[in-house]
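> As a plain string of letters, each chain reads:
Protein chains: 2
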Amino acid sequence: MQVVIIGSGNTATVLGGMIRQAGHEIVQVVSRTAEHASRLAAELQCPYAEHWADTRRDAGLYLVALADTAFGALGQELSLPGRLVVHTAGAVAKTALLTVSEHSGVMYPLQSLRKEVRPYPEVPLLVDANREEDLLRITDFARTISRQVQPADDVTRLKLHLAAVMVNNFTNHLYALADDFCRREKIDFSLLLPLIRETAERISYFPPADMQTGPAVRGDQVTIRMHQQLIDKYKDIKELYDIFTHQLEHGYPQKPNN
Amino acid sequence: MQVVIIGSGNTATVLGGMIRQAGHEIVQVVSRTAEHASRLAAELQCPYAEHWADTRRDAGLYLVALADTAFGALGQELSLPGRLVVHTAGAVAKTALLTVSEHSGVMYPLQSLRKEVRPYPEVPLLVDANREEDLLRITDFARTISRQVQPADDVTRLKLHLAAVMVNNFTNHLYALADDFCRREKIDFSLLLPLIRETAERISYFPPADMQTGPAVRGDQVTIRMHQQLIDKYKDIKELYDIFTHQLEHGYPQKPNN
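Protein sequence lines, in the order shown, are assigned to chains A and B. Last residue of the first sequence: 258 (my numbering), numbering continuous. Last residue of the second sequence: 258 (my numbering), numbering continuous.
In isolation and in its complexed conformation, chain A is listed as follows (with noise of 0.2 Å):
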């Protein structure tokens, strides 16, 4: 398949590298950010164009991977007739390319894609498209780069996107913070790679709520004071604590032993 990528972020720049090593040919970036285009064209060895009115009509693919806010825009610029045109978007309607092309729909990959991360890590696909034929043919391409491929409508997508928001981007920041903390602290974070490592692989195994440790679950008020003095210097940190103490306080009907 010939594929055109309109973008150039994290999201364009993965999705496009792992189309491309699936064995399509990526005929053209456009991005209105001249040097990202270029860096992404350069991994992507394919031209580039910085005007979406430039974009090439004989594709057999468009991924879009834009911000959301950029979706109005596109639709009143780009007219892509008779073309299969698809969105990454978790939050963005299955509708809202429908000015670009009749053929549209979406790929929306349930991951988290930063430019510099490699190997590829295991994107799972949810595809939908406005017209059943196109849900077809969108379903056989991301199958053809990822194995996990499901079909989910505007709201599944949506509810998707929240869950991983909270698996992904909160859990992310409670790393940044306990890594900042050491850092300040004077402490080695990377003691804590396997603790983090164990937490995210047994719950493929166990459900979280049965996995739950720690002081504020066996109700161990001793130890919660004595962590609540270490941080007081540390906002959000303490912010983050207290709510999640109250939280795990109350929050299990079953309070595991120890």
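Be aware that one or more of the hints could be misleading.
No distinction is drawn between identical chains; accordingly, a pair holds when it is met within one copy or between any pair of copies.
What the hints assert, rightly or not - Below, simulated EDC-like cross-link-like pairs (lysine to aspartate or glutamate); rule was C-alpha separation at most 16 Å, straight line:
| # | residue 1 | residue 2 |
| --- | --- | --- |
| 1 | K186 | E35 |
| 2 | K235 | E249 |
| 3 | K186 | E132 |
| 4 | K186 | D154 |
| 5 | K186 | D140 |
| 6 | K235 | D180 |
| 7 | K159 | D180 |
| 8 | K235 | E185 |
| 9 | K233 | E133 |
| 10 | K186 | D242 |
| 11 | K186 | D153 |
| 12 | K233 | E185 |
| 13 | K159 | D179 |
| 14 | K235 | D58 |
| 15 | K238 | D58 |
| 16 | K159 | D210 |
| 17 | K159 | D232 |
| 18 | K233 | D180 |
| 19 | K235 | E201 |
| 20 | K233 | E132 |
| 21 | K159 | E185 |
Source of the hints: derived by calculation from the structure; they are not laboratory data. None of the values given here were measured: they were computed from a predicted structure.
Since the structure of chain A is provided, determine the placement of chain B on it from the hints.
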């Protein structure tokens, strides 16, 4: 080494199993919870006692894995003069067992230990002692069951314990809330597992702050408002969503694109 395990919860069970697997002999389990004591003794193939006073006096090492609140009582009821005794608590002073034995110290597992989980995870051990020669003996023993053994004083251990609570207890609570949300909304939580694994894996190679993605760090208010509408009836999620979003909007000096 002949080892007595005092306690029968998650820490006693997992460390007891790891110690036995390393080739040491568990000669007794002592726990005031008879049912748990007999279960763990069966697992470790050794006798058990229900009263601290019935603890054998002739073992080479005593591993005290009790709730933090039980240390005071143990110190009054059990005396093991001349014996090497270690506790496993993150937030209990190294002096806590001096009334049990002058040769006492700490072997703290920086890991979330649940008795259900096999194989045993990688468990960094933080060691400390009241006498220098005991620190060497505890370190030598710890090295037989873990590749990562480091000395850490009371304050360092408490700080790492706090960081562990953040990256494990709080993260696992986010997983549990997302799991509950998916269950109630009839969507498939297991679709999120590749994302959860990737989030945990990549911070071995990149600082977590540099890996942040998502609507909050992008300043995508439209998506944030759509999420907030979805969680109106999920009180705990809503409370955390608003605080994380606020912190992420202000927390990172450089906002990653896309």
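> All hints are to be evaluated individually against the structure, with a verdict given for each.
Against the structure, the hints:
| no. | hint | verdict |
| --- | --- | --- |
| 1 | K186 x E35 | neither (38 Å within a copy, 43 Å between copies) |
| 2 | K235 x E249 | between (21 Å within a copy, 15 Å between copies) |
| 3 | K186 x E132 | neither (57 Å within a copy, 23 Å between copies) |
| 4 | K186 x D154 | between (46 Å within a copy, 15 Å between copies) |
| 5 | K186 x D140 | neither (51 Å within a copy, 25 Å between copies) |
| 6 | K235 x D180 | within (12 Å within a copy, 29 Å between copies) |
| 7 | K159 x D180 | between (31 Å within a copy, 12 Å between copies) |
| 8 | K235 x E185 | within (15 Å within a copy, 34 Å between copies) |
| 9 | K233 x E133 | neither (58 Å within a copy, 37 Å between copies) |
| 10 | K186 x D242 | neither (24 Å within a copy, 30 Å between copies) |
| 11 | K186 x D153 | between (48 Å within a copy, 13 Å between copies) |
| 12 | K233 x E185 | within (12 Å within a copy, 39 Å between copies) |
| 13 | K159 x D179 | between (29 Å within a copy, 12 Å between copies) |
| 14 | K235 x D58 | neither (54 Å within a copy, 50 Å between copies) |
| 15 | K238 x D58 | neither (55 Å within a copy, 46 Å between copies) |
| 16 | K159 x D210 | neither (23 Å within a copy, 26 Å between copies) |
| 17 | K159 x D232 | between (35 Å within a copy, 13 Å between copies) |
| 18 | K233 x D180 | within (13 Å within a copy, 33 Å between copies) |
| 19 | K235 x E201 | neither (30 Å within a copy, 27 Å between copies) |
| 20 | K233 x E132 | neither (56 Å within a copy, 34 Å between copies) |
| 21 | K159 x E185 | between (38 Å within a copy, 8 Å between copies) |
Hints 1, 3, 5, 9, 10, 14, 15, 16, 19, 20 from the list above are not met by this structure, while the remaining hints are.
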